[in-house]
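Position chain B relative to chain A; hints supplied.
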Amino acid sequence: MDKEEYKKLVDKLTPKENKKKNALVAFLVGGLVGVLAEIVVVIFVHFFSVSRTDACLWTCLLVIFIASLFTALGFFDNWVTKAKAGLILPTTGFAHSVTSAALDYKRDGFITGIGANVFKLAGSVILYGIISAFFFAILGVIIYG
Amino acid sequence: MASLKFNNVYIKDSFTVAGPLESEGQIGKFDIMMEDYYYKEKTFIDAEIRMQKVVIDNLLYRNKAAGTIDLLLGGDLSNQLTITNFSAKHFAIPFLGVYSACASFAESLIIASEFIESGNIKNAIAITSSHNLNAERQFRFPIEYGAPRAKTTTFTATGAVGTLLTQEKNKIKVESATLGNVLDYDQKDATHMGAVMTPAAVEVLMKHLEDLKRDVSYYDVILTGDLGKIGTKIFREFLNQNYGIKIKNHMDAGCEIFLPSQEVYSGSSGPVTLPLVLFNKVLKNTKFKKILFIATGSLHSKDTTNQKKSIPSIAHAVSLEVLS
Numbered sequence: 005m006d007k008e009e010y011k012k013l014v015d016k017l018t019p020k021e022n023k024k025k026n027a028l029v030a031f032l033v034g035g036l037v038g039v040l041a042e043i044v045v046v047i048f049v050h051f052f053s054v055s056r057t058d059a060c061l062w063t064c065l066l067v068i069f070i071a072s073l074f075t076a077l078g079f080f081d082n083w084v085t086k087a088k089a090g091l092i093l094p095t096t097g098f099a100h101s102v103t104s105a106a107l108d109y110k111r112d113g114f115i116t117g118i119g120a121n122v123f124k125l126a127g128s129v130i131l132y133g134i135i136s137a138f139f140f141a142i143l144g145v146i147i148y149g
Numbered sequence: 002m003a004s005l006k007f008n009n010v011y012i013k014d015s016f017t018v019a020g021p022l023e024s025e026g027q028i029g030k031f032d033i034m035m036e037d038y039y040y041k042e043k044t045f046i047d048a049e050i051r052m053q054k055v056v057i058d059n060l061l062y063r064n065k066a067a068g069t070i071d072l073l074l075g076g077d078l079s080n081q082l083t084i085t086n087f088s089a090k091h092f093a094i095p096f097l098g099v100y101s102a103c104a105s106f107a108e109s110l111i112i113a114s115e116f117i118e119s120g121n122i123k124n125a126i127a128i129t130s131s132h133n134l135n136a137e138r139q140f141r142f143p144i145e146y147g148a149p150r151a152k153t154t155t156f157t158a159t160g161a162v163g164t165l166l167t168q169e170k171n172k173i174k175v176e177s178a179t180l181g182n183v184l185d186y187d188q189k190d191a192t193h194m195g196a197v198m199t200p201a202a203v204e205v206l207m208k209h210l211e212d213l214k215r216d217v218s219y220y221d222v223i224l225t226g227d228l229g230k231i232g233t234k235i236f237r238e239f240l241n242q243n244y245g246i247k248i249k250n251h252m253d254a255g256c257e258i259f260l261p262s263q264e265v266y267s268g269s270s271g272p273v274t275l276p277l278v279l280f281n282k283v284l285k286n287t288k289f290k291k292i293l294f295i296a297t298g299s300l301h302s303k304d305t306t307n308q309k310k311s312i313p314s315i316a317h318a319v320s321l322e323v324l325s
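Chains as they are written, first to last, in my numbering: chain A, 5 to 149; chain B, 2 to 325.
No lab work stands behind these hints: they were computed from the structure.
Each hint should be verified, as a subset may be incorrect.
As the list claims (entries may be wrong) - The following label-pair restraints were derived from C-beta to C-beta distances:
| no. | chain 1 | residue 1 | chain 2 | residue 2 | range |
| --- | --- | --- | --- | --- | --- |
| 1 | A | PRO19 | B | LYS309 | 17 to 27 Å |
| 2 | A | PRO19 | B | SER218 | 26 to 36 Å |
| 3 | B | ASN80 | A | LEU40 | 39 to 49 Å |
| 4 | B | LYS310 | A | ILE43 | 42 to 52 Å |
| 5 | B | LYS309 | A | ILE47 | 41 to 51 Å |
| 6 | A | PHE139 | B | ASN307 | 33 to 43 Å |
To be verified - Here are the simulated DSS-like pairs of lysine-lysine, each with C-alpha atoms no more than 25 Å apart in a straight line:
| no. | chain 1 | residue 1 | chain 2 | residue 2 |
| --- | --- | --- | --- | --- |
| 7 | B | LYS90 | B | LYS43 |
| 8 | A | LYS24 | B | LYS152 |
| 9 | B | LYS152 | A | LYS25 |
| 10 | A | LYS7 | B | LYS6 |
| 11 | A | LYS12 | B | LYS249 |
| 12 | A | LYS86 | B | LYS152 |
| 13 | B | LYS230 | B | LYS208 |
| 14 | B | LYS43 | A | LYS11 |
| 15 | B | LYS54 | A | LYS16 |
| 16 | B | LYS189 | B | LYS309 |
| 17 | A | LYS124 | B | LYS309 |
| 18 | A | LYS7 | B | LYS303 |
Claimed, not checked - Covered stretches of chain A (chain B as the covering partner; in silico rule of three or more C-beta atoms under 8 Å from a C-beta of chain B):
| no. | stretch |
| --- | --- |
| 19 | 49-62 |
| 20 | 78-85 |
Just so it is clear, the structure is predicted and the values come from calculations on it, not from any experiment.
Ideal Cβ placement from N, Cα and C applies to all residues, glycine included.
Chain A with its partners taken away, still in its complex shape:
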């Protein structure tokens, strides 16, 4: 059996990921996170008399805090594994990746451990987020003046 034939055999016997189900779960869970956050925003606006912009900011911080806390308490990774993109795409995913890396490397010291590894997974988001923001800002200036 050569490599090509073997690849075909492997493909035939490897179960396919259920993309439709994954997408549906992600849509529902991600949507739920959005709805909950919106409720929090409304509460901030109505009961604490903050502007909607400020309320959004506070909500974002709260979501990050909750995701980090749940990660530290040790059960958020199971949620993420099940909900997949539903919890990875919202800010929860970013918070989760940073906190989990911090927990993992705390034994390796503040500088060589946490400092060097905390953005291990989130580093790409930060770098490419900044780069794309730069180019979109230029585009924005060109289009809208």
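What follows is chain B alone, placed relative to chain A:
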């Protein structure tokens, strides 16, 4: 000389420390069952070192073998074999560290057997271990990170197993062994190690059967290391398609540790998987007299995977005979 025959190498004893999930699994009974992943230590690295140390201590104590062991061999998954090196420092026994990923245990056993067969040494201990969270951290993601997993992913078993080999006649004889080559079938998916390692397992099996002029039915059981559920299907289909062998006496250690309810995807992997099943299930079953085990290893690192290199694999086969 791919295959070696042994006439005076025996397994005297073995000792197992099994992780918490493994202890709740299919086998359910081990010498020591860990309650949690820390095993009374502060880090998982220390926990795994302690696991190995406990195994060696118990082997020495149970067999009153302190001072009589000529060689300690072993390996694990950690970079630079840290775990095994750090546990070996507790013993004043000449030490060889070996690495062939999840085939490390078979490699240790073969080297020890050859030393004993030559008459240069009398007793040796072969040790291996893996710790799910150490392997996760080294090969995959931070421990608390909940990465979505493919159905083909295997779950690294936690445990340490050691065996005491001797030239004194005993019930279990190490009869022969076949050394495998490193093979590369252009598989690049590190989450599908069953597919990576199957060709190596098939090749070493066929080489073993050819060298010793045997048929698969010669053995009561052929135990592969950690191909997992999907890898097992590929292994059986490979043998069928290429050699017309419909293997009936095959068991994969990766499918024998965890229960389906434990959500371990394609099954168990890690160097401890095979010895865990071999010593705690296969050798405890009196029906199995002639046993061939094939340990398989996927020889990648995180760097080679990130650089999209194909993954080489290795397998070694060892034949055991239970004497009556």
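Evaluated hints:
no.	hint	verdict
1	A:PRO19 / B:LYS309: 17 to 27 Å	holds, 23 Å
2	A:PRO19 / B:SER218: 26 to 36 Å	holds, 31 Å
3	B:ASN80 / A:LEU40: 39 to 49 Å	holds, 42 Å
4	B:LYS310 / A:ILE43: 42 to 52 Å	holds, 48 Å
5	B:LYS309 / A:ILE47: 41 to 51 Å	holds, 48 Å
6	A:PHE139 / B:ASN307: 33 to 43 Å	violated, 26 Å
7	B:LYS90 / B:LYS43	holds, 19 Å
8	A:LYS24 / B:LYS152	holds, 15 Å
9	B:LYS152 / A:LYS25	holds, 14 Å
10	A:LYS7 / B:LYS6	violated, 32 Å
11	A:LYS12 / B:LYS249	holds, 24 Å
12	A:LYS86 / B:LYS152	holds, 12 Å
13	B:LYS230 / B:LYS208	holds, 24 Å
14	B:LYS43 / A:LYS11	violated, 44 Å
15	B:LYS54 / A:LYS16	violated, 44 Å
16	B:LYS189 / B:LYS309	holds, 7 Å
17	A:LYS124 / B:LYS309	holds, 19 Å
18	A:LYS7 / B:LYS303	holds, 23 Å
19	49-62	violated (count 0)
20	78-85	holds (count 7)
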